[in-house]
Amino acid sequence: MDAVNTPEQKPDWKESVFNRRTMICIFTGFASGMPLYVLFQLLPAYLRAEGVGLKEIGLFALVTFPYTWKFMWAPLMDRYIPPFLGRRRGWMLITQVALLGSIAGLGMFDPTLSIMTIAYLATAVALFSASQDIVLDAYRRELLPDQELGWGNSVHVQAYRISGLVPGALGLILADILPWSSVFVIIAGFMVVGVVMTFAVNEPITEPRAPKTLKQAIIEPFHEFVTRLGWRGALLILCFMFLYKLGDNMATALSTPFYIDLGFTLTEIGVIAKASALWASVVGGILGGLWMIKLGINRALWIFGVVQVVTILGFAVLAEAGPDKVILAVVISLEYLGVGLGTAAFTAFIARSTSVAFAATQFALFTALAALPRTFVNALTGYIVDAIGWNLFFYLCALLALPGMLLLVKVAPWNDSKAE
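Counting from 70, one number per residue, gives the positions in the sequence shown under this note's numbering.
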């Protein structure tokens, strides 16, 4: 069995940590993170290396709009059940096979001749990836007993980040020795991990009944959220979710083209920048989770948010220093330590804002809103860099991180003991 939801039962920490559910969360994180890192790390490197301009690469952020709008079709995946494997596993298999094919296709076209074809394929990757996220989030929520939700989701997030090593490090290293078409096929092959998981697991035994009507699947999650918080409270929280990660999302949007422009080789980027970013964010996430036990979610959002703002400025230091590998490693490590800390607190805040009864659609809504800056605001980053240069761009990113911090006064007051 994959889940044992028995509120009376309180297993010790070893039973909660070392079990089959933890292993499943590792695989869900890996399968979920892979496609996103293809779009954010491997694809921009491919386009820049093939001579595509920064403006065009920046506009490619628009292809990730499905991550922003996935809540629109999340109710469909709750309401309708594929004719094989069950409601969750059926949708998992459909999205994973589609991802395998669409990722492999990205390297089959010359960016200088078929840029729109690549854009369409990248949009398909984003669509299938966002849909997979919906079903994996719902599966994980139904799989884990209440006492394992924090641990299981933490494992998922860290595996999600570690999956970035495949497109962001291995993919770039392979690109120095293989044609890009082969690189994308090899990277796509890693989605087989998700397919194997889908066949190996069972449907959660706690799986709720599907909504009886599509109307019920769509309306109730939104109605509950607004009723619980009121219109003013709901809007404040939604604005905060949009703004809190805005600055650091923008700062890292064109990170790979930034490293290339500074003069680093693809191998240096793969080995130093991507590895430093990965492990710093993983350490930040683990430390953030541990510190939140003492600090509480509200105070963690304040402290980790300040760290995020300060570490963004490290990119400006790197822009001045040029292709110095030591400074690259230090700056990236500090920046992504801040990213990891901030993400840990932000994810906990999203979980706290979600009703258990409507977790799938509400979680899709909240994470989609948090992805909105990556989709639309990040599309302008190439134009901004061309207009003001890399150095001033990173100062601007630090400035744009401040409005989200100011909203903490309303949505997560420092001394609100009831929220802790």
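Note that these hints are calculated values from the structure, not bench results.
We put the CB at the ideal spot given by N, CA and C, even for glycine.
You may find that some hints are simply not true.
Here are the simulated distance ranges between beta carbons [stated by the list, open to error]:
{"hint": "1", "residue 1": "H292", "residue 2": "V265", "range": "17 to 23 angstroms"}
{"hint": "2", "residue 1": "Y452", "residue 2": "E119", "range": "18 to 24 angstroms"}
{"hint": "3", "residue 1": "T282", "residue 2": "N460", "range": "44 to 50 angstroms"}
{"hint": "4", "residue 1": "R421", "residue 2": "N460", "range": "36 to 42 angstroms"}
{"hint": "5", "residue 1": "V352", "residue 2": "K124", "range": "31 to 37 angstroms"}
{"hint": "6", "residue 1": "G299", "residue 2": "T181", "range": "49 to 55 angstroms"}
{"hint": "7", "residue 1": "V352", "residue 2": "F268", "range": "30 to 36 angstroms"}
{"hint": "8", "residue 1": "W483", "residue 2": "I457", "range": "55 to 61 angstroms"}
{"hint": "9", "residue 1": "E125", "residue 2": "I457", "range": "15 to 21 angstroms"}
Each hint tested on the structure:
For H292 and V265, the hinted distance range of 17 to 23 angstroms is not satisfied, since their beta carbons lie about 39 angstroms from each other. At roughly 20 angstroms, the beta-carbon separation of Y452 and E119 lies within the given 18 to 24 angstroms, and the hint holds. For T282 and N460, the hinted distance range of 44 to 50 angstroms is not satisfied, since their beta carbons lie about 55 angstroms from each other. Checked against the hint of 36 to 42 angstroms, the pair R421 and N460 passes, with Cβ atoms roughly 38 angstroms apart.
V352 and K124 have their C-beta atoms about 35 angstroms apart, which keeps the hinted 31 to 37 angstroms range intact. Separated by about 53 angstroms at the C-beta atoms, G299 and T181 satisfy the suggested range of 49 to 55 angstroms. Here the CB-CB span from V352 to F268 is close to 33 angstroms, well matched to the stated 30 to 36 angstroms. Between W483 and I457 the beta carbons are some 34 angstroms apart, a value that contradicts the proposed interval 55 to 61 angstroms.
Between E125 and I457, the C-beta spacing of about 18 angstroms keeps the proposed range 15 to 21 angstroms intact.
In this structure, the earlier hints numbered 1, 3 and 8 are contradicted, and the remaining ones agree with it.
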